[in-house]
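Chemist: Here's the letter readout for the chains.
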Amino acid sequence: MITSILLLIIAPLLSIFFVYMAVTEKDLLKAAAYSAGQSIAYSILLQAMSTPDIVMTYIAVSVGLYSALLVFVISKTERFER
Amino acid sequence: MSRRIIILILLFTATLIASFTATIILNPATPSELKGLAKYYVLNTINETASPEAVTAIVWDYRGLDTIYETLVLYLAIVGGLAMFKMSEEALLKTRIGLTLLSKTSTKIVALLIASIAAAIVFHGHLSPGGGFPGGSAVAVASMIIIPVFAAGTLIEKGVSSTKLVAIRGAALTALGLVALLPVVKGLEIVTNQRFYPASILGLPISGSLSLYNLFESLAVASGFTAIALYLSIPEEAHKGGSGA
Chain A
1 MITSILLLII APLLSIFFVY MAVTEKDLLK AAAYSAGQSI AYSILLQAMS
51 TPDIVMTYIA VSVGLYSALL VFVISKTERF ER
Chain B
1 MSRRIIILIL LFTATLIASF TATIILNPAT PSELKGLAKY YVLNTINETA
51 SPEAVTAIVW DYRGLDTIYE TLVLYLAIVG GLAMFKMSEE ALLKTRIGLT
101 LLSKTSTKIV ALLIASIAAA IVFHGHLSPG GGFPGGSAVA VASMIIIPVF
151 AAGTLIEKGV SSTKLVAIRG AALTALGLVA LLPVVKGLEI VTNQRFYPAS
201 ILGLPISGSL SLYNLFESLA VASGFTAIAL YLSIPEEAHK GGSGA
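Keeping their order, the protein sequence lines are chains A and B. If you count by the numbering used here, then the first sequence holds residues 1 to 82, one letter each, in order. If you count by the numbering used here, then the second sequence holds residues 1 to 245, one letter each, in order.
Keep in mind that the hints were calculated from the coordinates and are not lab data. The C-beta atom is built at its ideal place from N, Cα and C for all residues, glycine as well. Honestly, I wouldn't trust all of these hints.
[To be verified] Calculated pairs, DSS-like style, for lysine-lysine (alpha carbon to alpha carbon, straight line, at most 25 Å):
1) 108(B) to 164(B)
2) 76(A) to 30(A)
3) 39(B) to 76(A)
4) 158(B) to 30(A)
5) 158(B) to 108(B)
[Claimed, not checked] Stretch-level coverage of chain B by chain A, calculated; a stretch enters the list once three of its residues show a Cβ under 8 Å from a Cβ in chain A:
6) 3 to 13
7) 137 to 143
8) 200 to 214
9) 221 to 227
Given only the sequences and the hints, what does the whole structure look like? Please build it.
Modeler: Okay, structure coming up:
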């Protein structure tokens, strides 16, 4: 009980940190990694809310597919934002 | 850099203050018992669909038609995406050099691990959390790390072409449609589960049509995303060289 409440407090703060870093980062590959970190924070949050079905879909799509797609797309443009 | 830290601390404080204020003002009480609809699903899922997993039962049985239309929408989206890439396989064959031996070996191990977890998610989807879409996307993640490491050209030489992948996808979706349509032959309504399909085969609990839907959905999702990744992995230079020559 107390661990899930702690996770419910820590995971959103972690996601805010990752979102802020992703938005302000100039290196797009690093920004994609921060975005994956935000997804991991959300997965922790969903697991703390005990929704394992959503966690499985969310972690596969947002950490795996979405990050891979972003890396593929970045490889077609420039790595650094001007 | 220090500006970033100050803004982050401000954001954290604002979030904490806002959430504590909201908790104190709204004072949301934790529900102590299930409400009507939830109670119905929890009590009746195991008898009506032969599956202890209420989520899979709702997705593929109670709301089965919704999910089939959703699959159709994803199919059309991926077909549209593939139609935008007008690409010959010659351009793909130019990308034949992968990464180093070290990354190839470690990718083999990691991809095998991901694929086995995906198989567990798919084949156990009607009994425990999981199902067709999460399992299929996990397989797609495995193929998405294989494609850049081993290079698309090498995979095409070994017989993995996007045409074949789209064919697998089409076949899987046709099978999914047939599973949904077969009960109509006996005069039952479409997407019927327990009145047409058996709950178990040779002692294995398959929960009627739920495990079949999971299997075909995962095949369709995995092959669709792999086809997209195969096209996306072509570098821009190969693309321009291909069209110029």
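Chemist: Now tell me if each hint is right for this structure.
Modeler: Hints and how they fare:
A threshold of 25 Å between alpha carbons decides the hint, and for residue 108(B) with residue 164(B) the separation of about 22 Å falls inside it, so the pair holds. Straight-line distance between C-alpha atoms of residue 76(A) and residue 30(A) comes to about 16 Å, which keeps the hinted pair within the 25 Å bound. With a C-alpha separation of about 51 Å, the suggested pairing of residue 39(B) with residue 76(A) is violated against the 25 Å cut-off. Under the criterion of a C-alpha separation no larger than 25 Å, the hint pairing residue 158(B) with residue 30(A) is inconsistent with the structure, at around 33 Å.
Using a Cα cut-off of 25 Å, the hinted pair residue 158(B) and residue 108(B) holds, with the two alpha carbons roughly 16 Å apart. Residues of the stretch 3 to 13 of chain B with a Cβ under 8 Å from some Cβ of chain A number 5, which satisfies the need for three, so the listed coverage holds. For the stretch 137 to 143 of chain B, the proposed coverage by chain A is satisfied: 4 residues have a C-beta within less than 8 Å of a C-beta in that chain, meeting the threshold of three. Check on the stretch 200 to 214 of chain B: 0 of its residues sit with their Cβ under 8 Å from a Cβ of chain A, so the three-residue criterion for coverage is violated.
A stretch counts as covered by a chain when three or more of its residues have a beta carbon under 8 Å from one of that chain; for the stretch 221 to 227 of chain B and chain A the count is 1, and the coverage is violated.
Checked against the numbered hints given earlier, the structure breaks hints 3, 4, 8, 9 and satisfies all the rest.
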